[in-house]
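Keeping their order, the protein sequence lines are chains U and G.
So in this note's numbering, spot 78 of the first sequence is number 78, and the numbers just go up one at a time.
So in this note's numbering, spot 67 of the second sequence is number 67, and the numbers just go up one at a time.
This list has only true hints and no planted wrong ones.
Same chains, same label: a pair holds when it works inside one copy or across any pair of copies.
With a Cα cut of at most 27 angstroms, we get these calculated DSSO-like pairs of lysine-lysine:
| hint | residue 1 | residue 2 |
| --- | --- | --- |
| 1 | K249 | K275 |
| 2 | K200 | K166 |
| 3 | K166 | K2 |
| 4 | K273 | K254 |
| 5 | K273 | K249 |
| 6 | K92 | K2 |
| 7 | K166 | K334 |
| 8 | K330 | K166 |
| 9 | K303 | K166 |
| 10 | K80 | K92 |
| 11 | K80 | K115 |
| 12 | K330 | K115 |
Since the hints were derived computationally from the structure, they do not count as laboratory data.
Number of protein chains: 2
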Amino acid sequence: MKLAIDAMGGDFAPQNIVAGAVEALRDNSHIDHLYLVGNQARVEAELHKLRVSDNRIEIVHASEVIEMNDPPVQAVRRKKDSSMNRAIDLVKRGDADAIVSAGNTGALLTASQVKLRTLDGVDRAGLAVLLPAPQNVFVLMDAGANLEPAPSSLVQYAIMGSMFSKQILGYERPRVAVLSIGTEDIKGNELTLEAHRLLKQTNLNFVGNIDGHDLFSNHADVIVTDAFVGNAVLKACESTARLVACWLKDEIAKNPLRMLGGLLASGAFRSLKRKADPDEYGGAVLLGINGICIKAHGASSPKAVKNAIRVATEFVESGFNEHMVEEIRKFHDKVQQNSFAQSQVEAPS
Amino acid sequence: MKLAIDAMGGDFAPQNIVAGAVEALRDNSHIDHLYLVGNQARVEAELHKLRVSDNRIEIVHASEVIEMNDPPVQAVRRKKDSSMNRAIDLVKRGDADAIVSAGNTGALLTASQVKLRTLDGVDRAGLAVLLPAPQNVFVLMDAGANLEPAPSSLVQYAIMGSMFSKQILGYERPRVAVLSIGTEDIKGNELTLEAHRLLKQTNLNFVGNIDGHDLFSNHADVIVTDAFVGNAVLKACESTARLVACWLKDEIAKNPLRMLGGLLASGAFRSLKRKADPDEYGGAVLLGINGICIKAHGASSPKAVKNAIRVATEFVESGFNEHMVEEIRKFHDKVQQNSFAQSQVEAPS
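With the rest of the complex left out, here is chain U (with noise of 0.2 angstroms):
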């Protein structure tokens, strides 16, 4: 499999990206080509600094960086020939299977729907985030993509966030819940209302609405929002967790015992950071779309470009894009079957 790497994207690019992607190629064997996307000379100086040299790699030369603040549809449009964009061109041309990027989240969702498309039969692409809880990992789409989605897009949320359960995090029969701000059928606006009516006529595990008290209560392994709903709690979540630590830390500096108790509970505060930890999790990943794309975080790691890589690799591998054409044209069949019965039922002759 071949696989581009935006090299320039990220607030520790080029240098992370790099160092990400050579510890990628060692870990697997199944990447048979992967482009450096970026500029020549800083990407083979990261190369170089790390001594590698690996006939996998190919560097692709881009005179532009989308940076972290540009206005996503300005940078893609005006800076053509940015890393990103030219590793999405790739994709677009069937050089590459999959692009990992860890730049500006807008611009990549801009620039991975209009170059690459949807897939056949999907209305829109979504960004799906994996969520840590104690007793699952779930799915939370959309994270980012599309702001007035239709319901009918949820359900097609619905089911690529149960593919991606099922065949990347191996949940035999994910359970797929509609956000809401109550789990009672009635409750909710006309989006998730009409979601999960629709939601209630297909195969897939649809358990009802959850509410934000349940979102780690392992009630559901698929949960599915419009991508403003989806990305104000993803980002609340990550800002109470970051509002405890510190907290946390401030009362343990208050007098010498809690210090002396923090210092003694210290790996307890380390695997705490790790359970935490967006780098563990691969990035998010934008599903319906005519190729693999995945966002690692903007402050990625090596670690977490890794990550993210091997996730790319397990979309390929998986042949995720191909079910998915097939499981969504099964699903508007069926649609179909039922909207032909109900005109029976309707007009009888």
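Got chain U sorted already, so can you dock chain G onto it with the hints?
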């Protein structure tokens, strides 16, 4: 001042409610009269247990109770003689200045809005909650009252939230932000983009969009959003805090050294718990209705009830609603002037 307390609402009613009300009476000589609305025999029994006889207390018998899981609208309509309905009726008739309830949130929001109606000039009521951050306490609004507000409602929330922040929390010039998916002006959905545009034209201290990442970073004192997002974000924050606490506990229990450390640092954990304790913050306030309505959380301790009653007295004493009507009137005048000025520009004679 006269207060109506829903003595039967909440997971630990009437016990915690009566106990909290009695504590509030002890602390606060401004309360002239306190109605305990609920099952007469059960409320009397609680007062008897506490050996309280205070001639400011009046029990108002109500034969029904709206349970925590009753469907709100039906419960309000059918259980006419419920403690919650009766307590709100006291406010409606002018016999009480405020209602405090720890009961079914949906029912309380429904009954208060239906019976008390919105204040002059206010389109929609909104539920305001206080959230603690290291450097400030901020108002999040709406946390659950109206799921599909118009952009102008978000502006009214901003006015109401600012008054909350000023009059009750004592912030001089509270910073107002719209919760969005990025800090740039162009980020958001239709609702937030239009609300943003309108807020720029007000006299409020509007600081633009806030991102979920910066919720607790002291960027804003009043954060406005629709009820769906507000509710989801609020609950996600609570879930995350619980998740972190649960993980930390597990990790500390993993070996004796960590357990000793945890024991030595236990003061820090207790302080942290106190900081994040919703009981300290006196509940949520439904702003924009004819009357003061305080929602204490369902699992309220006596302390939480006492604090909720304290907040009610602060709202009554500050003449909150009278000031709010004035502020909202000024806002409407300004909008009218602006559109008049605009029409003069557009159609010069």
